[in-house]
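J.: Protein chains in written order, with the numbering used here: chain L, -2 to 112; chain S, 248 to 475.
It is worth saying that the hints were derived from the structure and are not from the lab. Among these hints, one or two may not hold up.
Just a sample of chain L residues kept apart from chain S, beta carbon distances all over 10 Å, derived [what the hints assert, rightly or not]: (1) Ser58; (2) Gly61; (3) Gly102.
Now the in silico label distances, taken between C-beta atoms and shown as ranges [to be verified]: (4) L:Glu83 <-> S:Tyr472: 38 to 46 Å; (5) L:Asp51 <-> S:Ala359: 19 to 27 Å; (6) L:Leu18 <-> S:Asp274: 30 to 38 Å; (7) S:Thr382 <-> L:Glu85: 45 to 53 Å.
Note that the coordinates shown come from a computational prediction; the quantities given were computed from them, not determined experimentally. Even glycine gets a Cβ: it sits at the ideal position worked out from N, Cα and C.
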Amino acid sequence: MTHDLHRKAESEVDAVFARILRWQQEGRRVALATVIDTWGSSPRPVGSHLAVADSGDFVGSVSGGCVEGAVVEAALRVIMDGKPRELEFGVSDEQAWSVGLACGGRIAVYVERVE
Amino acid sequence: MKTAILLELARGRTARQPVVVVTRLRDGAQSLHRAGGQQGDLELAGPVLAEIRERCLHDRSGRLQTDPGLFMRCYTPAHRLIIVGAVHIAQALAPAAVMAGFDVTIVDPRTAFATAERFPDITLTHEWPDIALETLAPDAQTAVVALSHDPKLDDPALIAALASPAFYVGALGSRRTHAARLERFATREITGTERLRAPVGLDLGGRSAGEIAIAIIAEIIQTRYRPG
Chain L
-2 MTHDLHRKAE SEVDAVFARI LRWQQEGRRV ALATVIDTWG SSPRPVGSHL AVADSGDFVG
58 SVSGGCVEGA VVEAALRVIM DGKPRELEFG VSDEQAWSVG LACGGRIAVY VERVE
Chain S
248 MKTAILLELA RGRTARQPVV VVTRLRDGAQ SLHRAGGQQG DLELAGPVLA EIRERCLHDR
308 SGRLQTDPGL FMRCYTPAHR LIIVGAVHIA QALAPAAVMA GFDVTIVDPR TAFATAERFP
368 DITLTHEWPD IALETLAPDA QTAVVALSHD PKLDDPALIA ALASPAFYVG ALGSRRTHAA
428 RLERFATREI TGTERLRAPV GLDLGGRSAG EIAIAIIAEI IQTRYRPG
């Protein structure tokens, strides 16, 4: 327990970077998602990261769990074609409803390939 | 993101240096900025660079006002908490601060108090507080809390902390203890005592070590985000 807390103090950011570098060493391809804008009450602040490996494994969080599934899907496409994408999720967005952005806020997420 | 930028970013984090990564959203071109210059395939200058520098000071990531097609992400080092006195409350405060994202260091020359068994995974130093504080050099991202109840330990630590840019300086002890401390400081012409938080912590009414620890870390977080 204490050990987990200690690792947490190294910060979520460092944990995401460390995992990306490890994935790359293992020869896996990786995309990085970043919250670039928020409106209203959103669960995670601007700058929050989620990293996705080509296997679909992911680390970090851009929305506290609400839209991660959709971001992982987009990340896999970015890994394939290398084109960065800007995604937006909010209550007015049908997909966001279906994946459930609970708080009524809106977020914009940028997804890029790490290469 | 280029792996070279990611590696440089990881190096900056290890060295506790602030690093900024700027991304042109249209095509993913990027540059990394740190003390000593920029690297990457996105050359920036003029008002854009000035805005980046200004916002980095306040840790404000986001789209640039000078060019909304650019997004900047500030990576600032974790805030630090220096706890003086490896006492019972410190055993609760250290893990609470770690959970809130602080790098914690405990200062206590009494080796029987500051042990790895009592403080697993926490950085400990057995230097005297004035020496330790000189080495640790509190900056504007550092909080210092004196918990030992022993003026021999607390006073030198608090005097060093008040003379530093530390964003929070607090001391455990009753109002009477604090009044006595202020008298000692006055005779030594110590300045800046008005920013000393004592009794330390938000007034939550708690009494147990865990409750007091939470009141202390809560006040530190409040001071960090809502100073003054």
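J.: Hint numbers the structure violates, sorted upward?
T.: Hint check: 4, 5, 6 fail, others pass.
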